[in-house]
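Student: With these hints in hand, go ahead and build the complete structure from the sequences.
108 is the number of the first residue of the sequence shown in my numbering; add one for each residue after it.
Hints were generated in silico from the structure; no laboratory data involved. Take every hint as true, because none was put in to throw you off.
Straight-line alpha carbon distances no greater than 30 Å define the calculated BS3-like cross-link-like pairs of lysine-lysine that follow:
| no. | residue 1 | residue 2 |
| --- | --- | --- |
| 1 | 222 | 250 |
| 2 | 111 | 264 |
| 3 | 250 | 314 |
| 4 | 264 | 318 |
| 5 | 163 | 264 |
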Amino acid sequence: MVFKYRILLETYPLFISGTLVTIKYSILAILLAIVWGIIIGSINFSKNRGIGLITKSYVIFFRETPLLVQLYFLFYGLSRFFPIPAGICGVIGLVLNDGAFIAEIIRGGLQSIDKRQTEASYALGFSNFQTLIYFLIPQAVQKTHDSIMNIVAVIIKDTSLLMWITILELTHQTQQVNIKKFEPVTAFVTGAIIYFALFSFVQIINKIYRKGLTKHI
Numbered sequence: 108m109v110f111k112y113r114i115l116l117e118t119y120p121l122f123i124s125g126t127l128v129t130i131k132y133s134i135l136a137i138l139l140a141i142v143w144g145i146i147i148g149s150i151n152f153s154k155n156r157g158i159g160l161i162t163k164s165y166v167i168f169f170r171e172t173p174l175l176v177q178l179y180f181l182f183y184g185l186s187r188f189f190p191i192p193a194g195i196c197g198v199i200g201l202v203l204n205d206g207a208f209i210a211e212i213i214r215g216g217l218q219s220i221d222k223r224q225t226e227a228s229y230a231l232g233f234s235n236f237q238t239l240i241y242f243l244i245p246q247a248v249q250k251t252h253d254s255i256m257n258i259v260a261v262i263i264k265d266t267s268l269l270m271w272i273t274i275l276e277l278t279h280q281t282q283q284v285n286i287k288k289f290e291p292v293t294a295f296v297t298g299a300i301i302y303f304a305l306f307s308f309v310q311i312i313n314k315i316y317r318k319g320l321t322k323h324i
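Tutor: Right, here's the structure in full:
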């Protein structure tokens, strides 16, 4: 079995449509997961025991259960009571799962900041909330940037699980090509190359960001 360019020329619209869907859900999930992770990580860093107990339990649950099970629960479980479109279920699942990992990364970043900076901000008259927003979170994000970028790559890969809740993303369309043409090598090699290209693009953006940041330090 070999790679057949003829099959690729016949089926490229499926790969293009699947790639666009994957990009759409990746962007939505990445942006929302980062924001959600920062919020939850900040709460877990704080001394609010009431809310902190809830958010810490959430982080433990979503980090220690499979994303696919969570997606099934959202799509097949909750949708029986609340009619939620598959796309929304997919985004919610990705955000809750990967956001839990980002939350732990942010919490660790906040804990690594010198406490004297917090004391200095209080001395300048900043409140707890202002200190967190203006001083601590920006530093925590900067300190944990590489770890967050690793989760970004994971999110892109996690979108492949959305096929199991009827979303026509790249992996689903790759399988369709294989089913229609009985050419697994052509189908899955093409899919793998597209995923690799997406990861490479993210790495390029990350390097540009890091270079720009270095110039301002």
